[in-house]
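Protein sequence lines, in the order shown, are assigned to chains A and B. Residue numbers for the first sequence follow this note's numbering, beginning at 1 and rising by one. Residue numbers for the second sequence follow this note's numbering, beginning at 1 and rising by one.
Derived from the structure by calculation, the hints contain no laboratory data. Don't be surprised by glycine CBs; every beta carbon is placed ideally from N, CA and C. One thing to keep in mind: the hints can contain errors.
Each pair of labels, with its calculated beta carbon distance range [unchecked claim]: (1) B:L276 with A:A15: 30 to 40 Å; (2) A:T77 with B:W111: 19 to 29 Å; (3) B:Q5 with A:L272: 25 to 35 Å; (4) A:Q141 with B:A259: 47 to 57 Å; (5) A:T278 with B:A176: 29 to 39 Å; (6) B:G258 with A:A15: 34 to 44 Å; (7) B:E172 with A:L272: 57 to 67 Å; (8) A:R198 with B:W275: 38 to 48 Å; (9) A:R181 with B:F112: 25 to 35 Å; (10) A:Q141 with B:L276: 14 to 24 Å; (11) A:A166 with B:R183: 31 to 41 Å; (12) A:L272 with B:L51: 27 to 37 Å.
Below, computed lysine to any residue pairings styled on SDA-like, alpha-carbon distance capped at 20 Å [as the list claims (entries may be wrong)]: (13) B:K262 with A:A28; (14) B:K262 with A:F127; (15) B:K166 with A:R206; (16) B:K262 with A:A136; (17) A:K191 with B:T87; (18) A:K191 with B:N32; (19) A:K191 with A:G169; (20) B:K262 with A:G129; (21) A:K191 with B:K262; (22) B:K262 with A:R206.
Next come the chains, spelled out residue by residue.
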Amino acid sequence: MKNIFSPRLRVALLAAALLMFPVVFSGAFARDIGVAFLLAAISASAWNIVGGYAGQVSVGHSMFFGLGAYMPLLFYTLFGWSPIAGIPAGIVLSVALAVVIGMPTFRLTGHYFSMATIAVAELIRIFVGTWDFVGAAVGLQGPATARGWWDLTFRSELPYYYIFLAVLGIVLATTAFIERRRFGFYLRAIKSSERAARSLGVPVRRTKMQALALSAAFTSVAGSLYAAKTGFIDPDSGFGILVSVQMVIVAALGGAGVLFGPLLGALILIPLQIATNTWFGGGGSGLTYILYGGIIVLIARFEPGGLFELWYRIVPERWRRAYAA
Amino acid sequence: MVAVQVIVGGLLLGAIYALFSSGLTLIWGMMNFINFAHGEFVMLGMYAALLAVVWVGGGPAIFAIAAAVALAVLGVVIYFSLIRHVTRGPMLAQILSTFGLALLLRYTAFWFFSSNFVSLPPNALSGTINLAGIYLPIAQLVAGVVAITLTVALHLLLTRTTVGSKLLAVAEDRTAAMLMGIRPDRMQALAWGLSAGAAGIAGALMATSYPWSPSVGETFGLIAFVVVALGGFGSVLGSLYAGLIIGLIQAASAFWLGAIYKDIVVYGLFVALLWLRPQGLMGKV
Numbered sequence: 001m002k003n004i005f006s007p008r009l010r011v012a013l014l015a016a017a018l019l020m021f022p023v024v025f026s027g028a029f030a031r032d033i034g035v036a037f038l039l040a041a042i043s044a045s046a047w048n049i050v051g052g053y054a055g056q057v058s059v060g061h062s063m064f065f066g067l068g069a070y071m072p073l074l075f076y077t078l079f080g081w082s083p084i085a086g087i088p089a090g091i092v093l094s095v096a097l098a099v100v101i102g103m104p105t106f107r108l109t110g111h112y113f114s115m116a117t118i119a120v121a122e123l124i125r126i127f128v129g130t131w132d133f134v135g136a137a138v139g140l141q142g143p144a145t146a147r148g149w150w151d152l153t154f155r156s157e158l159p160y161y162y163i164f165l166a167v168l169g170i171v172l173a174t175t176a177f178i179e180r181r182r183f184g185f186y187l188r189a190i191k192s193s194e195r196a197a198r199s200l201g202v203p204v205r206r207t208k209m210q211a212l213a214l215s216a217a218f219t220s221v222a223g224s225l226y227a228a229k230t231g232f233i234d235p236d237s238g239f240g241i242l243v244s245v246q247m248v249i250v251a252a253l254g255g256a257g258v259l260f261g262p263l264l265g266a267l268i269l270i271p272l273q274i275a276t277n278t279w280f281g282g283g284g285s286g287l288t289y290i291l292y293g294g295i296i297v298l299i300a301r302f303e304p305g306g307l308f309e310l311w312y313r314i315v316p317e318r319w320r321r322a323y324a325a
Numbered sequence: 001m002v003a004v005q006v007i008v009g010g011l012l013l014g015a016i017y018a019l020f021s022s023g024l025t026l027i028w029g030m031m032n033f034i035n036f037a038h039g040e041f042v043m044l045g046m047y048a049a050l051l052a053v054v055w056v057g058g059g060p061a062i063f064a065i066a067a068a069v070a071l072a073v074l075g076v077v078i079y080f081s082l083i084r085h086v087t088r089g090p091m092l093a094q095i096l097s098t099f100g101l102a103l104l105l106r107y108t109a110f111w112f113f114s115s116n117f118v119s120l121p122p123n124a125l126s127g128t129i130n131l132a133g134i135y136l137p138i139a140q141l142v143a144g145v146v147a148i149t150l151t152v153a154l155h156l157l158l159t160r161t162t163v164g165s166k167l168l169a170v171a172e173d174r175t176a177a178m179l180m181g182i183r184p185d186r187m188q189a190l191a192w193g194l195s196a197g198a199a200g201i202a203g204a205l206m207a208t209s210y211p212w213s214p215s216v217g218e219t220f221g222l223i224a225f226v227v228v229a230l231g232g233f234g235s236v237l238g239s240l241y242a243g244l245i246i247g248l249i250q251a252a253s254a255f256w257l258g259a260i261y262k263d264i265v266v267y268g269l270f271v272a273l274l275w276l277r278p279q280g281l282m283g284k285v
C-alpha cells in the first residue's frame, strides 16, 4: 500500500496523461485548450522560480515574454530567417534586461522589485508601441504559409502540443533539479527571511540575480513559443500587463514555490478562461479579468500558499505520510 | 510665452499628481506597504464625481467632496476586509492583495462604465482666464491650487497634530504605540481612509479638466510610483516637490517631444532613479 503512489510513479502518471491527452481528445478544440494550458504552465513555471521559490514577486514578467515573442518575428520580418534563430536572441536580451533590473532593485527589499518590474514592463510596452522598426502599435507577423519544421509553423495543433510539452518538461526538470541543490535552499531561505539568510552567509543578491536571470530566460522561450504558435505579436499581447497577470495568477493559485503549483493553476484557470470567453463572447475577456482579480484577492486573503498548501492542510496527516513515503 | 504656459500647465497638473501620490506615500510610510490599486482609486474618484453630478447635481465643491468621502469609505472598508489580514502574511500575499484589487476594480469599472471616454458636463469651473497673457482653464487653476493646499494640509496633519503624532507613532513602532494607548488598527484604517480620500478628491479635480476611461487608473498608479520614488518613500512633502517636478517634465516632454513620449520620459526617469538614487530626493532606504 505504501509505495503504490510514490512520488516517482505520480510524476510518471502525470507525464503519461499529458502525453496521451491529444491522442484521446483528438478534436481541434480540445487540442487548442491543451496547447493553451501548456503555454500557461510553461510561463507560470518560469515565473515560479523567482516569484515563488525566491519570493521576489515580479508583476512585470511580460517584458521577458514580449522580448522572446518579438525576436523570432523580428528576425523573420527583417531577414526572412527561421523564427528559431530569434529564440536565443530573445533569451540573451531577456537575461541582459534581468541584470539591468535586478542590479539596482535587489539592493532593496520588499515591494521595490515589484514596482520596478511593473514600471519597466509598461515602459517597454509603450516604447515598442511607438517604434516603427518593430511594427509600432500594429505589431509583427510571422510566416503566412508554413515552409516546414524550420519555420515552427504547422497546420495541426499536434506538433505544437508536443514541442510545448517538451519545453515544459525541461522547465520543470530544471526547477526540480535546483529545488534539491544548495541553490534551491538559498532561494527558500531568502524567501522566508532575507536578513536571516544573509547572516548565515547566503549570497543574497547574487542568488536573487541568478534566479531572475534563469526565470527570464525560460519566460522568453515561452514568449517565442507563443509567437511561433500565433504567428503574430503586438505590444499588448507581448508586453501587456495582463500577460504578467496570467503568470502570477496561474502560479499563485496552484501554489507559488511548489514545483507542480503552476500546472495545477493552469489546469483550473485555462478551461475557466476559455469557458467565460465562449459563454460571454467578446465581452467575456473583461469578465475573465474581474474573475482573475477576485481570485487573486481571495488567494492573498485566505490562502497565500495556494491550493497545494490547502490540500496539505485539509488532507489528514495519515494519508500524507502514506503519500510522502 | 508659450513656454510659460506649458510650465504653468505642467505645475498645475503636477499638483494633482502630488495630491494622490501623497496618499500612496502615506500608506508606504505607515505600513511599509505598496498599494498597487492606488491608481484605480483615482479612477474611481473620477467616476464618483461623475455619478455625483448625474445623481445629485450641484457644483464642483459638492462632487469633489462626494468623491473624497466615497473613496475614503472604500479605503477604510478595504483596510478592514483585506489589508489588515495580509500585512502580517508573506510578501506574496501583500503584493497580490492590492494587485488583484487593482484588476478587480479596473475591470469592474470597464464592466459598468464601458471603455468609452467620458467627461464631466460643463460646470462652474468651465472657461478660461487670462492671467497676464497666459491663458489658463479655470478648472486647472482651481484644481492645482486646491491640490497643493490639500497636500500641504496632509503634511501639516501628520507633523503638527495629535492625530498625526499617533499615526507616526504606529508607523514607528506598532507595539510601543499600543502600549501608549493608541489603537494601531484604527490609525491604519484612518491612514487608508486619508490615502483613498486624497486619491478620490484628486480624481474629481482631474475630472474637471480631462476626459477619462477606466484604463487611466493604470497610468495614474504608475505615475504615483514614480512620484513616490522621486520624492522618497513615506515623505508627503517629498511627494509634493516630486509631483510638481513630474508634472513639469511631462508637460515639457509632451510639448517639445510629442504627446506619445510623455509617459516614456517619466517611466524612463523612474528606471534611472532606481539606478542612481533608489531612496528618492528626501527619503531614507
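Distance restraint evaluation - A:A166, B:R183, Cβ atoms, bounds 31 to 41 Å: Roughly 57 Å apart at Cβ, these two residues miss the hinted range, so it is violated.
Distance restraint between B:K262 and A:F127, which requires alpha-carbon spacing of 20 Å or less: 11 Å, holds
Pair hint A:K191 and A:G169, alpha-carbon separation not exceeding 20 Å: 25 Å, violated
Whether the CB-CB distance between A:R181 and B:F112 falls inside 25 to 35 Å: With Cβ atoms ~50 Å apart, the hint is violated.
Pair hint outcome, B:K166 versus A:R206 [Cα-Cα no greater than 20 Å]: Roughly 40 Å separates the two Cα atoms, so the pair is violated.
Consistency of beta-carbon spacing, A:L272 to B:Q5, with hint 25 to 35 Å: Cβ of B:Q5 to Cβ of A:L272: about 52 Å, so the range 25 to 35 Å is violated.
A:R198 versus B:W275 beta-carbon gap, inside 38 to 48 Å or not: Since the Cβ atoms of A:R198 and B:W275 sit about 22 Å apart, the hinted range of 38 to 48 Å is violated.
Restraint status (C-alpha distance of B:K262 to A:R206 at most 20 Å): 35 Å, violated
Satisfaction of the hinted span 57 to 67 Å by the C-beta atoms belonging to B:E172 and A:L272: The hint (57 to 67 Å, Cβ to Cβ) is violated, given that B:E172 and A:L272 are roughly 45 Å apart.
Pairwise beta carbon distance, A:L272 to B:L51, judged against the given window 27 to 37 Å: 32 Å, holds
Distance restraint evaluation - A:T278, B:A176, Cβ atoms, bounds 29 to 39 Å: Because 56 Å falls outside the window, the suggested range is violated.
Given pair status - A:G129, B:K262, alpha carbons within 20 Å: Holds - the C-alpha atoms of A:G129 and B:K262 are around 13 Å apart, at most 20 Å.
Against the hints set out earlier in the document, violations occur for numbers 1, 2, 3, 4, 5, 6, 7, 8, 9, 10, 11, 13, 15, 19, 21 and 22.
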